[in-house]
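Going down the list, the sequences are from chains A and B.
Mapped onto my numbering, the consecutive letters of the first sequence carry residue numbers 1063 to 1302.
Mapped onto my numbering, the consecutive letters of the second sequence carry residue numbers 144 to 464.
It should be emphasised that the hints constitute simulated quantities derived from the structure, not laboratory data.
The beta-carbon is built from N, C-alpha and C at its ideal position, and this holds for glycine as well.
You can trust all of the hints, since none of them are fake.
Straight line, CA to CA, 30 Å or less: simulated DSS-like cross-link-like pairs of lysine-lysine:
| # | chain 1 | residue 1 | chain 2 | residue 2 |
| --- | --- | --- | --- | --- |
| 1 | A | Lys1242 | A | Lys1177 |
| 2 | A | Lys1218 | A | Lys1135 |
| 3 | A | Lys1218 | A | Lys1172 |
| 4 | B | Lys420 | A | Lys1151 |
| 5 | A | Lys1216 | A | Lys1151 |
| 6 | B | Lys346 | A | Lys1151 |
| 7 | B | Lys346 | B | Lys245 |
| 8 | A | Lys1168 | A | Lys1151 |
| 9 | A | Lys1177 | A | Lys1091 |
| 10 | A | Lys1235 | A | Lys1216 |
| 11 | A | Lys1172 | B | Lys346 |
| 12 | B | Lys346 | A | Lys1166 |
| 13 | B | Lys346 | A | Lys1135 |
| 14 | A | Lys1151 | A | Lys1218 |
| 15 | B | Lys346 | B | Lys420 |
| 16 | B | Lys245 | A | Lys1073 |
| 17 | A | Lys1135 | A | Lys1242 |
| 18 | A | Lys1216 | A | Lys1135 |
| 19 | A | Lys1091 | A | Lys1242 |
| 20 | A | Lys1151 | A | Lys1172 |
| 21 | A | Lys1073 | B | Lys243 |
Not close to chain B: a few residues of chain A, all C-beta gaps over 10 Å, as computed:
| # | residue |
| --- | --- |
| 22 | Tyr1115 |
| 23 | Asp1267 |
| 24 | Ala1285 |
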Amino acid sequence: MSIEIRNVNKKFGSFTALDNINITVPTGKLTTLLGPSGCGKTTLLRIIAGLEYADSGQIFFDDLDVTNTPVQKRHIGFMFQHYALFRHKNIAENVAFGLTLLPKNKRPSKADINKRVNELLELVQLPQVANAYPHQLSGGQRQRIALARALAVKPKLLLLDEPFGALDAKVRKELRTWLKNIHHELGITSIMVTHDQEEARAVSDEIVVMNQGRVEQVGTSEALIHQPANAFVSDFLDLA
Amino acid sequence: MQISNSYDYQSNPATKDTPWIRRTFITIAVLFMVVMLVVPLLAVFYEAFKNGWQLYVASLVDPEALQAIKLTLITAGIVLPINMVLGIAIAWLVTRYQFKGKQLVTTLLDLPFSVSPVVAGLMFVLLFGLNSTVGGWLESMGFQVIYAVPGIVLATLFVTFPFVARELIPLMQTQGDSEEQAALTLGASGWQTFWHVTLPNIKWALLYGLILTNARAMGEFGAVSVVSGHIRGETNTMPLLVEIAYNDYNFTAAFALSSLLAALALVTLLIQQVMTKMQARKFAKSARLAAAPELPVSANATNAADTYKTAAQAAKSSRNV
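The task is simple: from the sequences and hints, build the whole structure.
Right under this line is the structure:
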């Protein structure tokens, strides 16, 4: 599913968070919104998700205008920086949550739900924690479960808000590779937000560099390094 | 991993207080609690049963006593659900929304605590009494508020109003709303989010707020005394009847009813203890799990990739079904 962001603007009071953003996100690719704190990348991600509304502009999922569609109906998966696992549900219940919400006629049977939960736990390599609670897992494990939970309802779009921001450097690197591999296998259109340019370059198919609510440059990691559009991009990517 | 906990200071021989400091503190605390809490409580039960079991029971099945017990239970039964719903609504409003006047709402929430209960009762008499506009109008419709049960319910609602909200607000502020946001992204409607995510997260604070509400609702004296009119057999709650019985020198009846109220307090505390233990046991059970291994080291890249492939293929094939 491809995403088109057309003329999106957002202000918080007198602060301009997003200034006439126009981006196309290709199907099946992992696109990263990269930029310093306050550049608007998380705001844009949340507008795409439906957790915020733009002041003006449109969002299209595959030619369908979803600008006014509520977040519940957008069929997205969202990963939060601090995991946002449901603390009073065990891991299996967390992962199954989206499935248990489906209306009776669409909801799979208990057995099917269990089967899917186990498949997803196998996918994220945590098959034995089904009965544990989130507070008993490490940060890296929690984020992997958060991915399993987001994938349970088979979303067409995966949104990741600084998913490794709360983890230590070693786990960050491991999960980076892990995410790239999973994305490669599953092929879901994904948009990730980060301020870590090394992470963006390691993981993304395409990078959107943002600054102060505007898009500075869009391109692959190589394109950005060999042909930075301006001083900001060159500076931010630590180029000589 | 904890760096230190609050017991380290005393369990470490280097920083421990000398024995006599410890013993002094413990003695003062125990003495205070015994004198101020335990002895009066025991005295209530002693005086209630002093003249024998039969007189005790007779005092409680007396028609006036039964009516008082019934009225107390009805009042609590009406006030608890209303305060639960209103308390949750106010807590949700204050912790999830930004709006002008939010400070005013939080301040007003504390009003029933700062106002003397007698003043609260008088407030309702002035508002809904027969001489007021509202009260006069209601009376012409055949509905009496003051010196009748509705007035007692209103007064009790006022004095118990803050408990639930004040328990929930700090908890909900600390917890933040990211779990609710996650639920929305997974397709949950507002009601589903509240029922499946918010409510389980606040249930203990909610329960504690309800326990406090119940205790106050059943034990309230000042405000209810002003609005009830003390009409024997009709508008006396248990605390009111305790005072009346005592003034009539009917000590057994007074202490019998008091013992019921005291027993109620002990029972609610017991319920709270039991529920806390149940929750702790539930968490401990799931802690007895084998530790889950972290990600395989990158040296095992090939093996890892293979595992991803097979698992991902399984997931993919079920996706196409």
